[in-house]
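Trainee: Single-letter residue listing:
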Amino acid sequence: MAKVKYDILESTCVPLPLENVDTDQIIPARFLSATSREGFGDNLFRDWRYKKTGEKNNEFILNNSKYGGKVLVAGKNFGSGSSREHAVWAIFDYGFRAVISSFFADIFMNNALNNGLLPIVINDDHLQKLQDLVLKDPSTKVKIDLEKQTLKIIPTGDSVRFEINPYKKECLLKGLDDIDYLLSMKSLITSFEKTKSLEI
Amino acid sequence: MKPKTLFDKIWDSHVVRSIADGPDVLYIDRHYIHEVTSPQAFNGLKERGIPVFRPAKTLATADHNIPTKDQHLQIRDELSRNQVEKLNENCLKYGIELFGLNHSKNGIVHVIGPELGYTLPGMTIVCGDSHTSTHGAFGTIAFGVGTTEVEMVLATQCILQPKPKKMKITVNGNLHKGVTSKDIIMHIISEISASGATGYFVEYCGSAIKSLSMEARMTICNMSIEMGARGGLIAPDEITFEYLRELPSIPGIDNINVSISDWKKLGSDPEAIFDRELEFKADSIKPMITYGTNPGMGMAIDGSIPLSDVKNGKASVSFIKSLDYMGFKPGMKLLGHQVDYVFIGSCTNGRIEDFRAFAQIIKGRKKAANVTALIVPGSKKVEEQLASEGLLETFKNAGFEVRQPGCSSCLAMNDDKIPAGKYAVSTSNRNFEGRQGPGARTLLASPLTAAAAAITGVITDPRNYISEKIS
Ligand code: SF4
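So the sequences go chain by chain: A and B. If you're matching positions, the first sequence starts at 5 in the numbering used here and goes up one per residue. If you're matching positions, the second sequence starts at 18 in the numbering used here and goes up one per residue.
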């Protein structure tokens with residue numbers, strides 16, 4: 005299955021200055037009963053976006069029309085907890101293409117990379133600065149260049165380099181699919197099965 | 018040869034190919050699936066028009082969203098029913114063994130894998146569920162994956178995975194009475210935080226760990242993910258082999274003694290190097306309870322909530338938000354605080370030993386009037402054991418209702434929700450906002466602490482009710 009190639013991304017940001025945001029907050033379990041990948045964006049951060057009465061919670065930042073864009077600037081330790089890939093589908097379906105934090109949970113990171121959502125790790129200081137900047141001025145734009153592995157804060161001109169696994173970078177840039185890659189190795193896998201012993 | 022950790026030995030022997038600058042292609046021996054994280058993976062296979070590569074290596078169960086009452090009737094919630102039916106269809110179509118709803122071997126995926134003899138030392142095991150780390154108790158590399166990776170395994174029996182770093186956690190000494198393996202792991206998480214082991218795979222060592230039963234070891238490995246670890250494992254030993262010998266059968270193994278002589282070789286070399294090493298003393302651990310909205314926010318049951326999450330600094334926005342959600346204040350003590358619900362179950366503490374511990378305190382006493390208790394066995398087998406050991410009777414006499422197996426209130430995908438604002442002492446593994454229902458307030462604890470709360474109606478030190486050592 006051909007995936008979309010990851011291009012240079014220039015966008016405003018939505019700040020979410022909270023630490024330890026787990027996948028149960030990103031998409032609560034009661035919305036996991038669907039059997040397709042689409043439509044989860046409606047329930048992204050459901051219990052923060054809506055009050056118990058069902059009304060929109062205007063205090064939650066996603067409901068603040070000042071902020072918008074394809075980049076979510078999250079707090080430290082984002083995406084912990086449940087392995088549900090639905091969390092990544094929800095963020096993507098809502099319209100985000102990158103999430104910036106100083107720390108991601110492992111499974112979330114893998115899931116994001118497998119779905120064309122770029123997780124960008126920058127240090128705590130840079131993250132704090134970016135949060136403050138975006139909170140103060142919602143028109144702040146960033147430019148993400150995956151090829152060069154740079155995150156540029158357009159108004160200040162500051163540029164930060166981020167790390168990404170070279171294999172995953174290539175997959176994203178070329179729109180390659182991991183499963184196609186694994187399928188191409190089937191004969192190798194079959195011969196591995198024949199030679200594999202419990203001998204360790 | 019260079020000394021190796023147990024983790025390295027198992028991992029390296031399962032690498033089909035290493036991609037330069039990339040992840041490893043890792044062969045998976047056992048794949049567990051359930052109704053919630055598999056349908057989109059099967060859709061992927063359909064779109065590609067490919068079969069399941071090794072259907073005999075995948076096993077399925079329905080556990081996450083099933084009801085725990087009247088399981089013989091049709092599932093009322095349409096979406097849940099649809100998901101369970103999709104799992105049935107997919108398993109039938111692709112030739113995957115299914116221990117579905119009403120099957121005599123049904124149960125929570127991480128409870129049935131070990132009890133049916135499918136989880137064995139030295140294996141690589143994955144499942145679209147983060148608590149797959151549970152199976153590490155048998156000396157396996159077991160970890161949770163996302164749905165794309167479920168599809169990889171269905172399609173090729175392999176996944177692409179970067180090799181994590183290795184951490185050694187040693188717990189030496191003896192546990193005090195009333196302190197359980199749940200308290201050990203909650204203590205460790207409270208010390209190193211909910212993200213303290215991110216990027217690592219943990220090996221648990223030390224005399225306190227080695228003295229634990231398999232059930233208790235599973236509780237520890239289960240919660241490895243709650244400190245961010247990819248997984249956790251414990252080298253197999255006589256206790257492991259005894260557990261396996263006592264199983265009625267082990268699929269695919271005729272002579273267990275031959276296998277055991279192989280498994281005996283599974284262990285870290287004495288000189289093996291870990292990226293990080295931590296040590297804890299068992300006798301300094303007390304019964305634990307959480308006060309916040311992540312498993313790192315835990316304390317000794319007789320302690321006080323810290324004033325801040327930053328040492329000598331101002332509390333973070335997240336810390337304040339978390340205590341607000343719980344209705345607690347910094348510095349507060351929790352002993353004596355009212356409890357509305359008690360939940361005993363889940364893949365962390367839904368095994369027979371957990372109910373035996375719970376019953377020790379319950380026996381001959383009555384449930385507090387203000388408490389609603391949900392007692393949910395982790396599997397059909399555990400349900401049968403409750404009946405045959407007379408525990409059902411004990412619970413009934415104390416005023417409790419025992420439900421049918423499933424994940425239940427651990428993630429509240431079914432009807433077993435804790436109402437908004439209510440306090441639940443829960444033996445599960447996550448106290449996230451809304452985890453047990455929108456607005457629910459979860460206090461994680463051991464089965465003993467849950468029992469003490471169930472009979473007193475308030476948060477209570479279980480040590481007051483225990484006369485001899487239990488661990
Ligand atoms: S019991 Fe809870 S943690 Fe365990 S598999 Fe079920 S939902 Fe997940």
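Errors might be hidden in some of the hints.
[To be verified] A few chain A residues that face chain B, going by a derived Cβ cut-off under 8 Å, partial list only:
no., residue
1, 24
2, 32
3, 36
4, 127
5, 128
6, 132
7, 135
8, 136
9, 140
10, 149
11, 156
12, 165
13, 168
14, 196
[To be verified] From the derived model, a few chain A residues whose C-beta atoms are all more than 10 Å from chain B:
no., residue
15, 41
16, 171
17, 190
18, 197
Simulated from the structure, these hints should not be mistaken for lab results. Quick reminder that beta carbons are idealized off the backbone N, C-alpha and C, glycines included.
Trainee: Could you run down the list of hints and mark each one as holding or not?
Mentor: Okay, the hints, checked on the actual structure:
no. : hint : verdict
1   : 24   : holds, 5 Å
2   : 32   : holds, 6 Å
3   : 36   : holds, 5 Å
4   : 127  : violated, 15 Å
5   : 128  : violated, 12 Å
6   : 132  : violated, 12 Å
7   : 135  : violated, 11 Å
8   : 136  : violated, 13 Å
9   : 140  : violated, 16 Å
10  : 149  : violated, 19 Å
11  : 156  : violated, 25 Å
12  : 165  : violated, 17 Å
13  : 168  : violated, 11 Å
14  : 196  : holds, 5 Å
15  : 41   : violated, 5 Å
16  : 171  : violated, 3 Å
17  : 190  : violated, 6 Å
18  : 197  : violated, 8 Å
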